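S.K.: Guided by the hints, dock chains B and C onto chain A, whose structure is given.
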Amino acid sequence: MSETIASRLAALGLELPDAAAPAANYVPFTIVGTTLYVSGQLPMQNGAVAVTGRLESESDIAKGQEAARLCAINILAQARAALGGDLEGIGRLAKIQGFVSSAPEFDKQHLVINGASDLLVDVLGERGVHARAAVGMASLPFNASVEIDAIFAIGGE
Amino acid sequence: MSETIASRLAALGLELPDAAAPAANYVPFTIVGTTLYVSGQLPMQNGAVAVTGRLESESDIAKGQEAARLCAINILAQARAALGGDLEGIGRLAKIQGFVSSAPEFDKQHLVINGASDLLVDVLGERGVHARAAVGMASLPFNASVEIDAIFAIGGE
Amino acid sequence: MSETIASRLAALGLELPDAAAPAANYVPFTIVGTTLYVSGQLPMQNGAVAVTGRLESESDIAKGQEAARLCAINILAQARAALGGDLEGIGRLAKIQGFVSSAPEFDKQHLVINGASDLLVDVLGERGVHARAAVGMASLPFNASVEIDAIFAIGGE
Numbered sequence: 001m002s003e004t005i006a007s008r009l010a011a012l013g014l015e016l017p018d019a020a021a022p023a024a025n026y027v028p029f030t031i032v033g034t035t036l037y038v039s040g041q042l043p044m045q046n047g048a049v050a051v052t053g054r055l056e057s058e059s060d061i062a063k064g065q066e067a068a069r070l071c072a073i074n075i076l077a078q079a080r081a082a083l084g085g086d087l088e089g090i091g092r093l094a095k096i097q098g099f100v101s102s103a104p105e106f107d108k109q110h111l112v113i114n115g116a117s118d119l120l121v122d123v124l125g126e127r128g129v130h131a132r133a134a135v136g137m138a139s140l141p142f143n144a145s146v147e148i149d150a151i152f153a154i155g156g157e
Numbered sequence: 001m002s003e004t005i006a007s008r009l010a011a012l013g014l015e016l017p018d019a020a021a022p023a024a025n026y027v028p029f030t031i032v033g034t035t036l037y038v039s040g041q042l043p044m045q046n047g048a049v050a051v052t053g054r055l056e057s058e059s060d061i062a063k064g065q066e067a068a069r070l071c072a073i074n075i076l077a078q079a080r081a082a083l084g085g086d087l088e089g090i091g092r093l094a095k096i097q098g099f100v101s102s103a104p105e106f107d108k109q110h111l112v113i114n115g116a117s118d119l120l121v122d123v124l125g126e127r128g129v130h131a132r133a134a135v136g137m138a139s140l141p142f143n144a145s146v147e148i149d150a151i152f153a154i155g156g157e
Numbered sequence: 001m002s003e004t005i006a007s008r009l010a011a012l013g014l015e016l017p018d019a020a021a022p023a024a025n026y027v028p029f030t031i032v033g034t035t036l037y038v039s040g041q042l043p044m045q046n047g048a049v050a051v052t053g054r055l056e057s058e059s060d061i062a063k064g065q066e067a068a069r070l071c072a073i074n075i076l077a078q079a080r081a082a083l084g085g086d087l088e089g090i091g092r093l094a095k096i097q098g099f100v101s102s103a104p105e106f107d108k109q110h111l112v113i114n115g116a117s118d119l120l121v122d123v124l125g126e127r128g129v130h131a132r133a134a135v136g137m138a139s140l141p142f143n144a145s146v147e148i149d150a151i152f153a154i155g156g157e
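Quick note, the sequences are listed as chains A, B and C, same order.
Residues 1 to 157, numbered by the working numbering, are exactly what the first sequence covers, in order.
Residues 1 to 157, numbered by the working numbering, are exactly what the second sequence covers, in order.
Residues 1 to 157, numbered by the working numbering, are exactly what the third sequence covers, in order.
Isolated chain A, as found in the complex (with noise of 0.2 Å):
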């Protein structure tokens, strides 16, 4: 009846991985007030980026959405532990931007971008229907076919 973010991940099957660290000088995620901003993720599965390579025309798409689906893992790792651990502490899902690497020809940005809003709505339910921009990029870190942020936030409203 009261469904809990843990019981969705359970559901799903779904076991997050520990927060990655940053590639970089900087954190993974900053709190000011009741608002959570996470930086930038990368498809990191195991310590590694998992999916890399631009995305060149639709039969990349299912790959492309996997890489979505990990950024959003990791997107979900890191809010667990700006939390204390515990995920109900999210009030909503702000808004995410989903950076795409993509050859001039591909425009399927938001369809890649479904891997992470579905994944996020399935596991946060209502908290995690979000606003959201899905842009093309020349190339990402790590040649990383995906990397999404997300803007939490946190608490009651």
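Calculated from the structure, these hints are not laboratory results.
Given the structure is predicted, the values throughout are model-derived calculations rather than measurements.
Ideal Cβ placement from N, Cα and C applies to all residues, glycine included.
Hints may be right or wrong, so weigh each one.
Derived coverage of chain C by chain A (criterion: at least 3 residues anywhere in the stretch with Cβ under 8 Å from a Cβ of chain A; other residues may be distant) [to be verified]:
1) 78–85
2) 100–109
3) 112–124
4) 137–151
M.R.: Below, chains B and C alone, put in the same frame as chain A:
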């Protein structure tokens, strides 16, 4: 004397469209506290992306500005929907991000995004004066020439 | 003991320039509530964009870092102007976005943006530790190599 946003729209001969549905699994805006996040808007007109193709040279600036203007109109339509139909609920426009589909040689993104900045100030008056970033993208969803998102403060600050 | 931002600037031998005027029809910063949005800053020096051209290979990293450092100096100049001349009004730097003009093969945007992250922490101390995204762009206004924007919390949080 007390010029309203609606009166400015009328004076400009501008009629806002219905807020476009999002192109994918997300929402076109979220409100957290007094902050309104509007998702990236494409140059939609009559239900379709009206300006497509990346910008290559100075001769494409006018086309890009028209795309940016359409994005801004759609931002206003979303803001109006978010505010229950009344743009007077806007406290101020805080920031826009202008994503311009660009060939590597094209470096006039700031002039392109003026098409949006000018419209927003024309309609919102002092409340429309905003911070912004204008950048060049490898490509955009639906081969759109421009995508713009926005952050508004709502109500009295 | 009570190290001020001004004393750190002096120790670093850094003198902030006057805040640059925007390149187009917008403002270089907005303040809504306790949030300060700084517009995308280019690597301006002495009134001109000092570092241009997209980054192609590892040998361009140092050039990119210098561009990022100049962007950060201009962000601080804008923040100082926004805060009536006194950077001590900064609560903390919440987030930066680092846009790096990049060839498709260049994937070291995170190292480039360290040029800004390092400077910001050097000047602002603990208050300068930030979230960020670093991404590769097709091109940037005025053929700049880097553009960076920022969100600050001002005053006590």
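S.K.: It remains to establish, for every hint, whether it holds in the given structure.
M.R.: Each hint, compared with the structure:
1. 78–85: As far as the segment 78–85 of chain C goes, the hint is violated, because 0 residues have Cβ atoms under 8 Å from chain A.
2. 100–109: As far as the segment 100–109 of chain C goes, the hint holds, because 9 residues have Cβ atoms under 8 Å from chain A.
3. 112–124: holds (count 5)
4. 137–151: holds (count 3)
In this structure, the one hint that does not hold is number 1.
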